[in-house]
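Listed below are the residues making up each chain.
Protein chains: 2
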Amino acid sequence: MNFDDIIGTAAGIFTTIGVLPQIIKALKTQEVKDISPYMFIILCIGVGLWTVYGFIKSDWPIILTNGISFILNGIMLSILIMQKRKIK
Amino acid sequence: MNFDDIIGTAAGIFTTIGVLPQIIKALKTQEVKDISPYMFIILCIGVGLWTVYGFIKSDWPIILTNGISFILNGIMLSILIMQKRKIK
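Line by line, the protein sequences give chains U and D. Mind the numbering: the first sequence is residues 1 to 88 in our numbering, read in order. Mind the numbering: the second sequence is residues 1 to 88 in our numbering, read in order.
For the record, the hints were derived by calculation from the structure and aren't laboratory data.
The list cannot tell twin chains apart, which means a pair is met if one copy fits it or any two copies do.
Restricting the straight-line Cα-Cα distance to at most 30 Å, the calculated cross-link-like pairs of lysine-lysine (DSSO-like) are: (1) Lys86 / Lys33; (2) Lys33 / Lys84; (3) Lys28 / Lys86; (4) Lys25 / Lys84; (5) Lys25 / Lys86; (6) Lys84 / Lys28.
Construct all of the structure, not just a fragment, from the sequences and the given hints.
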């Protein structure tokens, strides 16, 4: 692993775990009304496309981190949808 | 602009504009208590590092989109900090 891979992996770790505090907060408080679901819909599409980009470039830091990011953003989106249903 | 640049740019546009609906919602409602500030702190560090990664690889879609993403996440973080001060 060379220097650019280390920076790429560190970058990917931060952007990937970024959603975790929001997931934990939402699960703890069960309050999500201030959060925009559109943000997580758009982010899912975006990191999904980054994963494709990583495959085209055979760039593993991009593939791995955005793949996991896609799953985590998907979890957050699911929480938002489930909470919205509960309110109804 | 070839195919991988197009995918990279599309990916970057989505992950960049993803924060916008949240910024608009926060400015409209002035309610941010359900949003985790840690999410945006970590995302700022992450996209900042992605920008560095882009410079190392001379990869313009990565530099541009993550650079703008850094600014937008920074704006969202500022809103959160200002709202927190208002509550106090």
